[in-house]
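S.K.: Sequence order for the protein chains is A and B.
Going left to right, the first sequence walks through residues 109 to 238 as the working numbering numbers them.
Going left to right, the second sequence walks through residues 47 to 211 as the working numbering numbers them.
Since the hints were made in silico from the structure, they are not lab data.
None of these values were measured; they are calculated from a predicted model.
No residue lacks a Cβ here, since even glycine has one placed at the ideal position from N, Cα and C.
Incorrect hints may have been included.
[To be verified] Which stretches of chain B does chain A cover? Using the computed rule of at least three CB atoms under 8 Å from a CB of chain A, they are:
hint	stretch
1	138-152
2	162-168
[Unchecked claim] One-sided and incomplete, this derived list gives chain B residues near chain A with beta-carbon spacing under 8 Å:
hint	residue
3	Asn-85
4	Gly-159
5	Phe-207
[Said to hold, decoys possible] Examples of chain B residues lying across from chain A (beta carbon under 10 Å, computed):
hint	residue
6	Ala-78
7	Leu-83
8	Val-155
9	Ala-157
10	Ser-172
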Amino acid sequence: MRTTVGTDFAAAQLAGAASATAVAKWMALTANATAPAAGDTTLTAEIATASGGLVRAVATYAHTGGTNTYTLSNTFTANANDTLPVTVAKIGVFTATSSGTLVFETLLSATATLTASGDQVTVTQTVTLT
Amino acid sequence: MTGPHPAGRARGEADPDGHRPGAPAVEAPGRATRVVLGNRDARSLVTVAAEVGRAAHDDDGDDRYVPAGGEFADEAAGTVQLSTPAPGRLATLVLLPDGTRLGEAFTTVTAPGGAWAANVHTPGASPAWVASDNGSLAALLAEHYGCEVRELDEAEVATTFGAAT
Numbered sequence: 109m110r111t112t113v114g115t116d117f118a119a120a121q122l123a124g125a126a127s128a129t130a131v132a133k134w135m136a137l138t139a140n141a142t143a144p145a146a147g148d149t150t151l152t153a154e155i156a157t158a159s160g161g162l163v164r165a166v167a168t169y170a171h172t173g174g175t176n177t178y179t180l181s182n183t184f185t186a187n188a189n190d191t192l193p194v195t196v197a198k199i200g201v202f203t204a205t206s207s208g209t210l211v212f213e214t215l216l217s218a219t220a221t222l223t224a225s226g227d228q229v230t231v232t233q234t235v236t237l238t
Numbered sequence: 047m048t049g050p051h052p053a054g055r056a057r058g059e060a061d062p063d064g065h066r067p068g069a070p071a072v073e074a075p076g077r078a079t080r081v082v083l084g085n086r087d088a089r090s091l092v093t094v095a096a097e098v099g100r101a102a103h104d105d106d107g108d109d110r111y112v113p114a115g116g117e118f119a120d121e122a123a124g125t126v127q128l129s130t131p132a133p134g135r136l137a138t139l140v141l142l143p144d145g146t147r148l149g150e151a152f153t154t155v156t157a158p159g160g161a162w163a164a165n166v167h168t169p170g171a172s173p174a175w176v177a178s179d180n181g182s183l184a185a186l187l188a189e190h191y192g193c194e195v196r197e198l199d200e201a202e203v204a205t206t207f208g209a210a211t
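Start from the sequences, fold in the hints, and give me the full structure.
M.R.: Written out as structure tokens, the structure reads:
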């Protein structure tokens, strides 16, 4: 779902407001499974382990011209610095590598448990422009 | 050529920046790598109200039989999706993050549910052509899909996808 601050962000980007410089392309993970709420501004319990492989990362953007959707995707690989096991349940899309605006917050269609260094999870967020 | 590999145990741990050891980045640091894939059929799916099991009509007035339980039929909603010719050239733009390794880039585009599959109109279709500002990646993708490599048309990319490339 798009958060309230995410809607504000989109409006500013489209209108060319003075703040229209950021790009919502950073994807973050959390094990928190609470349903997203429009008023959320942070991703609760975001995985932010220093030098971990599951920390916020730039996602790949893809879009077909003439359509009203695009995707953001990233493959996260757990490493020795991560606290494992962890069951990833929700993702957030932010406008910066740290802090920033939480534009989208989405529960995964299926949780993913990573148990050892080297385990991977690929997340694809489809955004529909309506 | 490195083929797509599913999510699971990695073959090597990533460094703190998420890079795999021993593989070159597809582009110099500082900018995203662009890949454009041309849609082979240049068709789009439109949703229309229809009675499933009966003929439906697209904008051109052509009859299209909609089988009950068909892949694109939503019987509950009473709608079907018709594949119709799309205006102009349809292409899919993929922006790979700065520092993405060649194998990762290939997998990101070609994996089931990857950047191409998740954005293409016709399920299962392969692109008609591929262009990229990274020649090695373009060649890999062209070999994988059995399609031609084209030069990246900067003006076309800007026109089709805006200036955010």
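S.K.: Hints broken by the structure, by number, lowest first?
M.R.: Structure breaks hint 10 only.
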